[in-house]
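Asker: Dock chain B against the given chain A, drawing on the hints supplied.
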Amino acid sequence: MRFKLERRETVSGLGLVAAPVIAVLATLLIGTAMFLVLGLDPLAAFRIYFIDPLTDPYTLQELVVKACPLLLIGLGLVFCYRANRWNIGAEGQYVAGAVLGSIVAIATNGGEGGWWILPAMLAMGAIGGALWGLVPAFLRVRFGASEILTSLMLVYVAQLGLDYLVRGPWRDPAGFNFPKSVSFDPAATVPLLMEDGRMHAGILIAIVVVIVAAFVLGRTLVGFSIELGGSAPRAAAFAGFDERRVTYGVFAVSGALAGLAGIIEVAGPIGNLQPSISPGYGFTAIIAAVLGRLNPFGVVLSSLVLALTYIGGEAAQISLKMPFDVTRVFQGTMLIAILAADVLVRYRVRRVEAPARDAAKVTAHA
Amino acid sequence: MHDLTILSAVLASVVAAATPLLIAALGELVAERAGTLNLGVEGMMIIGAAVGYATAYGSGSLVLGALAGILAGTALSLVFAGLAVWLAANQVASGLATTILGLGLAGLIGAPFVGTKLTAVPQLNIPGLTDLPVIGEVLFGQDAFAYLSILLLILVWIGLGRTRLGLVVRAVGESHSAAHALGHPVRRIRTLAVMFGGACAGLAGAQLSLAYTPFWASDMTAGRGWIALALVVFSAWRPLWLLAGAYLFGAVSILQLHVQGFGLGIPSQLLSALPYLATISALVVISALKKGHGAPASLGVPFVPDR
Numbered sequence: 001m002r003f004k005l006e007r008r009e010t011v012s013g014l015g016l017v018a019a020p021v022i023a024v025l026a027t028l029l030i031g032t033a034m035f036l037v038l039g040l041d042p043l044a045a046f047r048i049y050f051i052d053p054l055t056d057p058y059t060l061q062e063l064v065v066k067a068c069p070l071l072l073i074g075l076g077l078v079f080c081y082r083a084n085r086w087n088i089g090a091e092g093q094y095v096a097g098a099v100l101g102s103i104v105a106i107a108t109n110g111g112e113g114g115w116w117i118l119p120a121m122l123a124m125g126a127i128g129g130a131l132w133g134l135v136p137a138f139l140r141v142r143f144g145a146s147e148i149l150t151s152l153m154l155v156y157v158a159q160l161g162l163d164y165l166v167r168g169p170w171r172d173p174a175g176f177n178f179p180k181s182v183s184f185d186p187a188a189t190v191p192l193l194m195e196d197g198r199m200h201a202g203i204l205i206a207i208v209v210v211i212v213a214a215f216v217l218g219r220t221l222v223g224f225s226i227e228l229g230g231s232a233p234r235a236a237a238f239a240g241f242d243e244r245r246v247t248y249g250v251f252a253v254s255g256a257l258a259g260l261a262g263i264i265e266v267a268g269p270i271g272n273l274q275p276s277i278s279p280g281y282g283f284t285a286i287i288a289a290v291l292g293r294l295n296p297f298g299v300v301l302s303s304l305v306l307a308l309t310y311i312g313g314e315a316a317q318i319s320l321k322m323p324f325d326v327t328r329v330f331q332g333t334m335l336i337a338i339l340a341a342d343v344l345v346r347y348r349v350r351r352v353e354a355p356a357r358d359a360a361k362v363t364a365h366a
Numbered sequence: 367m368h369d370l371t372i373l374s375a376v377l378a379s380v381v382a383a384a385t386p387l388l389i390a391a392l393g394e395l396v397a398e399r400a401g402t403l404n405l406g407v408e409g410m411m412i413i414g415a416a417v418g419y420a421t422a423y424g425s426g427s428l429v430l431g432a433l434a435g436i437l438a439g440t441a442l443s444l445v446f447a448g449l450a451v452w453l454a455a456n457q458v459a460s461g462l463a464t465t466i467l468g469l470g471l472a473g474l475i476g477a478p479f480v481g482t483k484l485t486a487v488p489q490l491n492i493p494g495l496t497d498l499p500v501i502g503e504v505l506f507g508q509d510a511f512a513y514l515s516i517l518l519l520i521l522v523w524i525g526l527g528r529t530r531l532g533l534v535v536r537a538v539g540e541s542h543s544a545a546h547a548l549g550h551p552v553r554r555i556r557t558l559a560v561m562f563g564g565a566c567a568g569l570a571g572a573q574l575s576l577a578y579t580p581f582w583a584s585d586m587t588a589g590r591g592w593i594a595l596a597l598v599v600f601s602a603w604r605p606l607w608l609l610a611g612a613y614l615f616g617a618v619s620i621l622q623l624h625v626q627g628f629g630l631g632i633p634s635q636l637l638s639a640l641p642y643l644a645t646i647s648a649l650v651v652i653s654a655l656k657k658g659h660g661a662p663a664s665l666g667v668p669f670v671p672d673r
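Heads up: the protein sequence lines correspond to chains A and B, in order.
All residue numbers for the first sequence refer to my numbering, where the first residue is 1 and numbers rise by one.
All residue numbers for the second sequence refer to my numbering, where the first residue is 367 and numbers rise by one.
No wet-lab data here; the hints were simulated from the structure.
Any given hint could turn out to be false.
[What the hints assert, rightly or not] Sample of chain A residues lacking proximity to chain B, with all beta carbon distances greater than 10 Å (derived):
hint: 1; residue: ALA33
hint: 2; residue: ILE103
hint: 3; residue: PRO119
hint: 4; residue: ILE127
hint: 5; residue: LEU131
hint: 6; residue: ALA214
hint: 7; residue: LEU228
hint: 8; residue: ARG234
hint: 9; residue: GLN274
hint: 10; residue: THR333
[Said to hold, decoys possible] Chain A stretches covered by chain B per the calculated footprint, using a threshold of three residues with CB under 8 Å from any CB of chain B:
hint: 11; region: 280–292
hint: 12; region: 323–330
hint: 13; region: 334–343
[Stated by the list, open to error] Quick partial rundown of chain A residues pointing at chain B, CB under 10 Å, derived from the structure:
hint: 14; residue: LYS4
hint: 15; residue: MET34
hint: 16; residue: ARG47
hint: 17; residue: TYR81
hint: 18; residue: VAL135
hint: 19; residue: LEU139
hint: 20; residue: LEU149
hint: 21; residue: LEU162
Don't be surprised by glycine CBs; every beta carbon is placed ideally from N, CA and C.
Extracted from the complex, chain A is given alone in its bound form:
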């Protein structure tokens, strides 16, 4: 007895929704098994990791704070992945945006302030991320270099650049030699939404971006050209869509959104520039985009789910002394589970009684 995959004629709508749910449940099961292997009480660990953060108002806010960068970056990646362009360097674009946006904050530090400072920072952040994202796009269009590898290499370059700045020219003179920039002025800080907690206005920006992205992708010719360029490049070429423009466009958008996430993070929850400003948001957002079915509203849900792995990981670090890597294991497992569950969407799994080759002759189809 063997199994074979049979391509579905149409992708089932139920399957599209069921696959991520199955994937999350499978991840929870595998996670519980992992707690057992680590010698922990699986139920207690499970509660600390996944339930407790959802029952406390403070951690619920934190959940949204952590989901914000994932959502912004993930939305940008949806543009890339729909167009079948593999930008995996969003982490670098995030850093580039944070750095360029911080120029404004650092230049105006200790000054008069002004309403224009924060908008200027956000704009510069988006530009910084877009420019960093356009490098792999240019190298692909002009030279045919794989955007996968160049975008990833640029992550290391951006991180080293940030490291240089906060240890060198941008180090806070009054910072006791710690590698960090000056703390941003109130005028250069993303305002909080509530008195207590860390929910900030960046979340509102993310919500606006969700709606705009859903509109552009679903209702406009631009969205259609992105989709078509990804799924049927030849048809897109015949239809007169310029493949190069799509490449530049999706990299600029995803870079800009990653850069925006970066500057919001340093001007919000972090409050200054440091050598490390991200626990891997740029990479986790890749999972958010895939788990969210490359759909802007789906990415909202998946960002919240993935934010939970961060919050749970922090809680488990404190109360269970578990290394933070557990979070990475969960995130990796989740991506594996969703990729596996996708098979159910795209294929029918058939049981084959005879050896595959003979059975195939009988059921041969056009």
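Answerer: The following block gives chain B in isolation, referenced to the frame of chain A:
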């Protein structure tokens, strides 16, 4: 005479820096020639480093450590093979998942060993030969990993280019439908090629934690798995060119260390970025020259037998 000693030491360290790149890239080259693009190299490498180190530390045997590293890399490669080969999932996403999982698992496995040290894998010394000026240490004073990497290179070069098995592997990578029609088990061959890649990546990781820097640090692979992937493109999928590529990158990474040592006022971060910038430049140059030629035709395309 003193200068010659320094030169000899520098050349020897270039070999040590190039060895993990060469080993991991050779494995990935075989996987790609069979048509599978496995972006999980970084993850398979780091799990090899972690498991290799933990085993060597626990057992006191470096050989066992290296073997455990190979096994760990192979085991993780099965995750990729299961997704990308058997479930026909997107190869880029499958490889990324493999890398993320590998980094996480390696962090978990390595956590108890942070701050510990091992005695590094000994260098081979042949009295007389190793003492030769300049080339002595380079050729006859390396550790077992360096010799193993050259052995692997010859094995892959002859195996892919001159044997029937190699022909089948390449056929599967060029046109999986044609290979399938000829009766070759496409998915089984791809799985074996991916496993070979995993074994090599695991061995390369073990070289890092057992010989190159004999301690455990999370993220100690520092993107070497990605550089190995780039080297395969750079080599245009030809094993002998990997040797040149790996040694070039070994030289760049050693050079930047020495320049940092001189303290010329160049920011150390810029020098640390050199290997990554060099990788991008190499990719650009080779892509501009080859315009996509040399890549296996079925690379990255999932295979689902439908007849």
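Asker: All hints, please: hold or fail.
Answerer: For each hint, the structure was consulted:
1. ALA33: Correct as stated: the minimum Cβ-Cβ distance to chain B is 13 Å, above 10 Å.
2. ILE103: 18 Å, holds
3. PRO119: Given a closest Cβ separation of 30 Å, the condition holds.
4. ILE127: 21 Å, holds
5. LEU131: 15 Å, holds
6. ALA214: 22 Å, holds
7. LEU228: Non-interface label stands for LEU228/A: nearest chain B Cβ at 18 Å, farther than 10 Å.
8. ARG234: With a cut-off of 10 Å, ARG234/A remains clear of chain B, as the shortest Cβ separation is near 15 Å.
9. GLN274: 15 Å, holds
10. THR333: 6 Å, violated
11. 280–292: With 4 residues in contact (Cβ-Cβ under 8 Å with chain B), the coverage given for the region 280–292 of chain A holds.
12. 323–330: Contact hint for the region 323–330 of chain A vs chain B: holds, 8 residues under 8 Å.
13. 334–343: Satisfied; 6 residues make the cut.
14. LYS4: 7 Å, holds
15. MET34: 9 Å, holds
16. ARG47: 20 Å, violated
17. TYR81: 9 Å, holds
18. VAL135: 8 Å, holds
19. LEU139: At 6 Å from the nearest chain B Cβ, LEU139/A passes the 10 Å test, so the hint holds.
20. LEU149: 5 Å, holds
21. LEU162: 9 Å, holds
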